[in-house]
Amino acid sequence: VSESRWVLRLVLPLVALVGIVLLGPGAILAGARTAGLVACGASPGALTAAVTAASTGAWYRTDPVIDASGTLSGRRLLVTARGRSEPTVVELPRSSSAAGPFGRVVLYWSDDGSQSELRTIDTAAACTTTLATDGDVIRSATIDRDGAFAYEHRVRRADRADLGVFRRRLAGGPAIRVVPPFPVDDDFGVTFSTQLVWSEAGDRLAIHACGAMHCRLRVFDPRTDELAEVIEPGLGELVELAGDRAIVREPCAGLPCPLLSVDISTGRRTTLADDLAAGPAEVIP
Amino acid sequence: MKAVWTQVTVLAVAAMVGFAMPVGANAHSPDPVVGGALWAQDQEVPFGWRTGAIPPAKAREAILAAADDSNASRASKAASFVDGGGASKIGYGTGATCGVNGIACFNRGAAPDSFTMWFREQGHEFDWGTLSWCQLSDPAPNGCYDIENVALDEFGHVLILGHHDNFAGDSDYLDAVVQTFSRTKPKAGWNAHVYGRCDVATLQLKYDMRTWVAPYSTCLSIATTTTLSASRTSVPYGDSVTFTATLKTRSDDAYGKLKGNPLAARTIVIQRRPVGGTAWTTLATMPATSTAGSYRYTVAPGTSYEWRAVFPKPVVEGLLGSGSAVVTVTVSGCSSPPCPLSSDGFAQPGGSAP
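Protein chains in written order, with the working numbering: chain Y, 263 to 547; chain C, -18 to 335.
Accuracy of the hints is not assured; some may be wrong.
Unchecked claim - Just a sample of chain C residues kept apart from chain Y, beta carbon distances all over 12 Å, derived:
(1) Asp189
(2) Ser210
(3) Val312
Claimed, not checked - Chain Y stretches covered by chain C per the calculated footprint, using a threshold of three residues with CB under 8 Å from any CB of chain C:
(4) 327 to 338
(5) 411 to 424
(6) 453 to 460
(7) 468 to 475
Think of the hints as simulated: they come from the structure by calculation, not from any bench. Keep in mind it's a predicted model, so treat the numbers as computed, not measured. Glycine is no exception: its CB is placed at the ideal position from the N, C-alpha and C atoms.
Produce the complete structure using the sequences and hints provided.
This is the structure in structure tokens:
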């Protein structure tokens, strides 16, 4: 017993110290281990410039980390840019994901069970910027095409209730809710996933929330702060938001689902492809 | 199987001679169906694990148990699932092609050749929280999903079943395993390991009964047809008449594979009344013959009667009662005195007049 205590008192701190030395100055926030990354400079507008920069060949990938029991224990985010030989690796907790690239920026978010963090990585400079730390759970996020704002979808930590979509300036400042939570609907049930998807032109943001059977869709126009809703049964996964139409799949189980075009303003639907099992779609130029 | 029928007897209504009702009209409806082709009756569908996405050992055990559960409780000629390779693959993990929702999913687009099934990984994060499989946690925490239950739901989908349409308040939740929302521990039904009666009902409609004596799900309300014929309709006093009844499900396209099925080993009674009378008297239960759905009774009537066969609505299965048309058998005068004065004498099958 006494030997075990000495192990605890001496060896474990030593292991921790060695780990810190090996990992360098990378920060560990909200469960993310950002080894090899330095903090980006705080110059105003730098992040916006990075977001609106011409393509630099930035890319990212998230790999799940599954332990021996088959449990998702974390995610590994790999980011890099053209000309860099090795990707930067960020170890994330299992509640995490990433989006982008936006210019040369990759956006990622993570939650360690007590707080959520929203960060960017400048893939060219291999530096990171913390955009937000929040007590609620950030479930998804994105950046607008102008590099002015980040949008984040949150759920309440205590009961996972939808909190809506918040907007914050990349240059700093508080987050303001711009899209309210979806209404609670017993028929819809719990929400499995909420995605933030920009329209093809990048001028409107789709908030697409899916339950066990159906999805609900809202479209937010950042220029006017207007919100259009298509909340009714019969919407499945979102394929694309193009003009005034959302291309969605019909919800169905176990088969290729019909493809629909839904008018955002009226909710009117048109079936684009009914029998997707029949073969691939033909591209008509 | 046993659990299914034990459960359904509680909800069955009293026996009566009823009238034809459409399928499911007794409130509890059979599960709807999902699209795609049916498997062949009693087809054996082998399945294996997806390379690179093999479930953890305890999950595999639970999925195999669910395949056995499906085979044991299908109560129909629905396909059975066999562990042993083949084109059908079951996977586990982050590669699950379940879209953005669902803790597990299936694809039956290749039926009747193969299917696929996926289970999300333990720890997958949804907006509502973190996925926990009961079999992969020790002890299993409240809020976990039972893999065996969820896998049985998926096997039901693979067979043809859609999500059960529950009453408001889910008061009939236990009538089906194939549910939109699987329940978590410890809510009632979280670890159900046999198909519910409304799952079975649809499997029976689509795949037929395994035998003619097997019970019909009480989630069904299948109308029946009873016929009665007599070997002779005019007999001298003292001679025997053999009555033959047939019992079938009604020939109705809405009954799918159950249409026109003979119903064996059921209780059919023979009744009589005086010619022109109104009150029926039950004489006996008609013994079944070696022909499925056929019942026979022999009697030496003491006088002329009107006869009918009646199938009372059974308590423990989803069949409706029915009665045959009336058959009149005229008994002519006594040919070898002394003749009895009583008009209600009858004989046991094969016996002589009293």
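Exercise. Enumerate the violated hints, using their earlier numbering and listing them in ascending order.
Key: none
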